[in-house]
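Since chain A is already given, all that's left is putting chain B on it; use the hints.
Next come the chains, spelled out residue by residue.
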Amino acid sequence: MIFEGNVHVVGDHCDTDVMIPGRYLSLVEPKEIAKHIFEEVDPGFVQRVKPGDLLFAGRNFGSGSGREHAPFGLKALGLSCIVAASFSRTFYRMAIDLGLPILTCEEAARAAKAGQRARVDTSTGEITLDGQTFRTHPMPQFIQDIIEEGGLTPWVKREAARRRANAR
Amino acid sequence: MGKTIAEKILQAHLLDDKAKVEPGEIVRAWVDVVLLNDVNGPIAFRHFENMGGGAVACPQKVVLVCDHFAPAPTAAGARLIGDMRRFAQQKGIEHFFDVGKGGIEHTLAPEQGLIVPGDLIAGGDSHTGTAGAFGAFGTGMSWAGMAAIMVLDETWFKVPESMRFTLRGKKAPFVTGKDVILRALQEIGVDGALYRSMEFGGPGVADLNIDERMGICNMMVEAGAKTGMVEPDEQTEAYAKAHAKRPYTLVRADPDAQYASRHDIDLASMRPMLAKPYSPENVVAVDEIKNVHVDQVYMGNCANGTLTDLRQIASVLKGRKIAPGTRAIIVPATQQVYVQAMHEGLIEQFVAAGAAVSTPTCGACFGGHNGALDDGEVAVATVNRNFKGRAGHAGAQVYLANSYVAAAAAVAGEIIDPARL
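Line by line, the protein sequences are chains A and B.
When we follow the working numbering, the leftmost residue of the first sequence carries the number 35, and every step to the right adds one.
When we follow the working numbering, the leftmost residue of the second sequence carries the number 54, and every step to the right adds one.
Hints in this document: simulated from the structure, not taken from any laboratory.
It cannot be assumed that every hint is accurate.
What the hints assert, rightly or not - Computed, partial: chain B to chain A, Cβ under 7 Å:
| no. | residue |
| --- | --- |
| 1 | 104 |
| 2 | 193 |
| 3 | 195 |
| 4 | 201 |
| 5 | 243 |
| 6 | 360 |
| 7 | 419 |
Stated by the list, open to error - The following label-pair restraints were derived from C-beta to C-beta distances:
| no. | chain 1 | residue 1 | chain 2 | residue 2 | range |
| --- | --- | --- | --- | --- | --- |
| 8 | A | 69 | B | 308 | 48 to 56 Å |
| 9 | A | 158 | B | 225 | 54 to 62 Å |
| 10 | B | 209 | A | 77 | 36 to 44 Å |
| 11 | A | 174 | B | 313 | 20 to 28 Å |
| 12 | B | 81 | A | 178 | 16 to 24 Å |
| 13 | A | 86 | B | 240 | 20 to 28 Å |
| 14 | B | 322 | A | 82 | 45 to 53 Å |
| 15 | A | 85 | B | 377 | 51 to 59 Å |
C-beta: ideal position from N, C-alpha, C; glycine also.
Extracted from the complex, chain A is given alone in its bound form (with noise of 0.2 Å):
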C-alpha cells in the first residue's frame, strides 16, 4: 500500500495518556475520540491533520497504557500511516489489529520535519520525504495481509466461519 500526504511531526517516548487522556476512555466512538488526540499538549492538532496525512514519531511510539483509543482516534482522524523510530508493542499490535499501517524507520523518523510532503510504500519499506528516500522493513507479509483487510475483525471472521465449515 502507498501513502502521500503532508507530515506531522512528535518526539520520543510519545505516550497514549497525551494522545488520549483517561477522562476520555468512556468514549467509544472513533469519530468522538478523534476530536481529543493531543488536546492537552497540542489544542491545534487535530485541526491540522488532513484526511491522508502522516504522523512521524521518535522512539517508544504510543508507550504508557495501552488503549486502542489512541490508535482508534489518530485512524479517525484521518491519518493514513505512521512511521517512527520504535513503538511500544501494545500500540503496535492494536494499530496493525485495526487496520492502521505503521512502520518502524529511525532514519526517516529523525529526519522528518512538520510540513514536508512523504510517500510511503508499507510493502517495499520506502519512505520519502521531500525527495529524499529511506529504505526500512516492509511490514512483514502476514501483517500487511491483515491491515489489507481492514484489520484482525474480517480475519478473525474469516477465519472463524472456515473452522466451522471444517468441523461440519
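Chain B alone, transformed into the frame defined by chain A:
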C-alpha cells in the same frame, strides 16, 4: 540450550508442539485467562460481535472486572459497566466482578485464585504483567486481539528476549518492591525492555513478599516490557496453595538460559526512590529532592493498594496527622484487602489521621475520577505513571514513590525521607 521463564511458559502453551520457542519466533498458543475491565471489555465485546459474535469459545477463561469507571462517575461510565454486566449474563461468564464485588483486576484475579503460577494471561490492560509476581506470564494485548481469543480460543505471540535482574541482600529501611522497579527504570529507561521479558531472581527475592513482587511486576511495562516475572519460590507456592482454583506449575529459569542482558541490584544499599514528572524513568533517591510542597498524596493502584502497602502507610501515619494544606487519598485494591484492613484497625487510623479512604477503584490512577489534580498542583502517588496530563490538568506534577514515602509526604506536606520524620 537452557530456557528462560517466559520461554518455558510459552512452550507449555503451544498449539503446535514442534514450534520453536526462540526469541523473535512467532508462535501460536492458548492462554489460561482472558482478563478484561470496563474500559477495554466493552470495546472488545464490539470487536467480538463484529467478528461474528455468538458463543464465547472459552467462557471459563474470561474474567471481567469493573474497576476503571467504578463506581461510575458519569452516565457514560455506567453504560460501560452495563455492557460488562450484559456480556457476562448473555455469554455465561462466571467470573464477573461488579462494583462492590471485587476490586482492581490485577490484585483481585490472583487473590480469587484465577491467576496461578505458570499461567499465560492475556489482558486488555497494560498492567497485566503484574501476574509476574505469581510466576505467571501476563501481557497486555490489543482489544481486537482479546476479542479474537474469545472467538478462536487461541492467539499468537512473538517470543520475547529476556533480561535477568539478580537481587541480592536484604532491603534497607523503607525500601520496598516499588524501589526495585524504579531503580531498574532508572538504569534501563522507558524503552529499555521494549518487547522483552524482565526476569527477577536471585537470593534477594526471598526478602520481598508477594505484594511487593506485585509492585515490581506492575511497572515492568513502564520499561516497555512485554512481560516479566519474579522467579517463583516457597512464598509463591504458599500463596498458590492458599488461593489457586486450578493446578499450578512453578516455572524456574534454567541455569544456562540465554539473556539479552544481566543486571544486579543490591537491596541493602538502596534508598527509597521517586520518579519525577513526567516520566517513570526520571528516577532519583528521596534525599535528592528538597523543598517540594505536596498538595495531594494518592496511595493505591493495581499493585500498591495491597495489605502490605496499607500496613506500611499505617506505620508512618501512626500518631500523626495529614499536614494542613495537603490532602491524602487511600484506596485499598480489593474488597478483601479493605475488610482485612478494617479488622486490623488501619482504616480507622487513616480516617483519624485525616485521609480520605475510598472503595477499590482505578479512578484517579488513570485520571478518570476520584482525585484529579489542577494546574500547578503537585502530588506524590504510589501509582505507575506520571505522564503529562494523566492525573488531570497538564500543568499538574506527579512524583511516583512507595507507600512509606507517600505517607511521609502526606504528614510532612513535602517530599521527605521517611527516616527523617
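How the hints compare with the structure:
The criterion of a C-beta within 7 Å of any C-beta in chain A is met by residue 104 (chain B), whose closest approach is roughly 4 Å, and the hint holds. For residue 193 (chain B), the suggested interface contact is upheld, since its CB lies about 4 Å from the closest CB of chain A, less than 7 Å. With its C-beta approaching chain A no nearer than about 4 Å, residue 195 (chain B) sits inside the 7 Å limit, and its interface hint holds. Because the beta carbon of residue 201 (chain B) sits about 5 Å from the nearest beta carbon in chain A, less than 7 Å, this interface hint is met.
Interface hint at residue 243 (chain B): satisfied, since its Cβ lies 6 Å from the closest Cβ of chain A, which is below the 7 Å cut-off. Interface restraint check: residue 360 (chain B) against chain A, minimum CB-CB distance 26 Å, threshold 7 Å, status violated. The beta carbon of residue 419 (chain B) is positioned within 7 Å of a beta carbon in chain A (closest approach about 4 Å), and the interface hint is therefore held. One distance hint, 48 to 56 Å for the beta-carbon pair residue 69 (chain A) and residue 308 (chain B), holds here, with the actual separation near 55 Å.
For the pair residue 158 (chain A) and residue 225 (chain B), the beta carbons lie near 55 Å from each other, so the given range of 54 to 62 Å is met. Distance hint for residue 209 (chain B) and residue 77 (chain A): a CB-CB separation of about 39 Å, consistent with the stated range 36 to 44 Å. A hinted range of 20 to 28 Å for the beta carbons of residue 174 (chain A) and residue 313 (chain B) is consistent with their spacing of about 21 Å. Take residue 81 (chain B) and residue 178 (chain A): their Cβ atoms lie about 19 Å apart, and the range 16 to 24 Å holds.
The hint said 20 to 28 Å for the Cβ distance between residue 86 (chain A) and residue 240 (chain B), and at roughly 42 Å that hint is violated. At about 50 Å, the beta-carbon gap between residue 322 (chain B) and residue 82 (chain A) stays in the expected band of 45 to 53 Å. Separated by about 54 Å at the C-beta atoms, residue 85 (chain A) and residue 377 (chain B) satisfy the suggested range of 51 to 59 Å.
In summary, the structure is inconsistent with hints 6, 13 from the numbered list given earlier, while agreeing with the others.
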